[in-house]
Amino acid sequence: MKHKIFSHTSLLIILSVILTFLAAGTVMYNRYDIYMKQGVRDEAAYIKTGLEEDGDVFLSDRVGDATSSRITLLGKDGQVLFDSIENPKEMENHSNRPEFIEAEKQGSGEMVRYSDTLSKQTFYYAVKLKDDQVLRVARTTDSLLVTMLTSFLLLGGLVCVILVIELFLVQKQTRKLIEPINRIDLEHPLEHVCYEELRPLLFRLDQQNRQIQKQLEDLKNAESARKEFTANVSHELKTPLMSISGYAELMMNGMVPPDKMQDFSGRIFHESERLSNLVADIIQLSRLDEKNGETMFEQVDIGELGEDVINNLQNRAAKKKINLEYTGGPAQMQGVRHVLYEMFYNITDNAIRYTPDGGDVKVFVGKLNGKPYFRVEDNGIGIPESEQQRIFERFYRVDKSHSRETGGTGLGLSIVKHGAVLHHAKILLDSEPGKGTKMEILFDQTK
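Residue numbers for the sequence shown follow the UniProt record's numbering, beginning at 1 and rising by one.
No wet-lab data here; the hints were simulated from the structure.
Quick caveat: nothing in here was measured; it's all calculated off a predicted structure.
Please note: incorrect hints may appear among the correct ones.
[As the list claims (entries may be wrong)] In silico lysine-lysine, PhoX-like type, Cα no more than 20 Å apart, as pairs:
id: 1; residue 1: Lys76; residue 2: Lys120
id: 2; residue 1: Lys37; residue 2: Lys120
id: 3; residue 1: Lys362; residue 2: Lys438
id: 4; residue 1: Lys371; residue 2: Lys417
id: 5; residue 1: Lys321; residue 2: Lys435
id: 6; residue 1: Lys367; residue 2: Lys438
id: 7; residue 1: Lys362; residue 2: Lys320
id: 8; residue 1: Lys417; residue 2: Lys438
id: 9; residue 1: Lys120; residue 2: Lys89
id: 10; residue 1: Lys105; residue 2: Lys48
id: 11; residue 1: Lys319; residue 2: Lys362
id: 12; residue 1: Lys371; residue 2: Lys426
id: 13; residue 1: Lys76; residue 2: Lys130
id: 14; residue 1: Lys89; residue 2: Lys105
id: 15; residue 1: Lys105; residue 2: Lys130
id: 16; residue 1: Lys426; residue 2: Lys438
id: 17; residue 1: Lys435; residue 2: Lys362
id: 18; residue 1: Lys321; residue 2: Lys362
id: 19; residue 1: Lys438; residue 2: Lys371
id: 20; residue 1: Lys320; residue 2: Lys435
id: 21; residue 1: Lys367; residue 2: Lys426
id: 22; residue 1: Lys48; residue 2: Lys120
id: 23; residue 1: Lys417; residue 2: Lys435
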């Protein structure tokens, strides 16, 4: 940052100084050139007056050392009669000089000639006298290029001094600017905003911090849930396996009377079925967690799924003499068929499991306010209000002993919750202990 500020500022300063110097130098040189030429004209007028009053004596007596200009007196034919620097006899005829010709015609003439060798320029001013002679005054000065090049040495020194001062000021100012930034609390950047220009950046940093913090918390929760799930799975799988192993060992050692063999075989079958259901539910949950290629959405008639669920659970309800009532009709929606079936099946199955013999379970599948809708009502044991927030957790049971007796895995409602998330559905629960439970699923679709 410091180097960028210094380089950018240095470039700006150098360009500013050079442009200012060029502009000011050009203006000053032009003004000097104007004053110089006017001075030569005035000097020529002064000498002209002296010549016309005093004659050639004026040139030798009064002009020679009194001026830095070169004075030349020319005859009407261009012959050099007097020169303040060179011997007139050794000088060539000046009749072809532009300033002489112009003076002969118009009374005065002037010309600027450059010397590339000496990098000089000479201004010649000629004026015609009364006796037809021509007085020429010349003054030599440095050209604009030489003047500029000479001044560039001074300019270079000035720029070096400015850059040294600038380097010191940039370092000092940079430290002053950076110190408040270094004091910013990166965990709570909006508590102390040192510069308003940084507020949008600090706001984004604060949002990023919150997002990272949330992700860390989610990871911790996921890790905790994974460990809890692993422990629960181990426990839930161990229980039926130990029962099967125990019953089988008794039968193998001949410790079961012949009249009890069928009973023990039934227990082994029951535990095997429970184990199979548990494994199936675990696999289903894993698929929902991964949202793999099997979760392809398609057009599904949930009314048809509802009828399939009722048909498959009718025998179980009949064994408990439960009145399983179904109402509703066709309702199309985009969804994953086997997941929707599992959701409806698990909710209805739970209602049958936890409803006493001779109770009622009512199932409705259709539409509510134009949206796909599913509802199950029963007059079973109900769910205490304190437990209602936890029933969708994996392996959580309101009545663990009763759940095992009925063959529940503790994963059914967890599958329902995951399915609802997958289909952007809302689950509504209304339950009162001893009176029954009503569970609704409202899908956020209009088709």
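Pair hint Lys435 and Lys362, alpha-carbon separation not exceeding 20 Å: Holds: Lys435 and Lys362 sit about 14 Å apart, inside 20 Å.
Given the hint that Lys367 pairs with Lys426, does the C-alpha gap stay at or below 20 Å? 14 Å, holds
Is the straight-line distance between the alpha-carbon of Lys417 and that of Lys438 20 Å or less? 16 Å, holds
Pair hint Lys417 and Lys435, alpha-carbon separation not exceeding 20 Å: With a Cα-Cα distance of about 24 Å, the restraint between Lys417 and Lys435 is violated, given a limit of 20 Å.
Do the alpha carbons of Lys321 and Lys435 lie within 20 Å of each other, as the hint requires? Given that 20 Å is the threshold and the Cα spacing comes to 18 Å, the pair holds.
Assess, step by step, whether the Cα of Lys120 is no farther than 20 Å from the Cα of Lys89, and give holds or violated. 26 Å, violated
Quick one, are Lys48 and Lys120 close enough, alpha carbons at most 20 Å? Violated, at roughly 27 Å.
Taken at face value, is the distance from the CA of Lys435 to the CA of Lys320 at most 20 Å? 18 Å, holds
Distance restraint between Lys438 and Lys371, which requires alpha-carbon spacing of 20 Å or less: Distance of about 19 Å is within 20 Å: holds.
Does the structure keep Lys426 and Lys438 at a Cα separation of 20 Å or less? 14 Å, holds
Hey, Lys367 versus Lys438, does the alpha-carbon distance stay inside 20 Å? Holds, because 17 Å separates the two Cα atoms, which is no more than 20 Å.
Going straight from one Cα to the other, do Lys37 and Lys120 come out at no more than 20 Å? 15 Å, holds
Hint compliance for this structure: hints 1, 9, 14, 22 and 23 are broken, all remaining hints hold.
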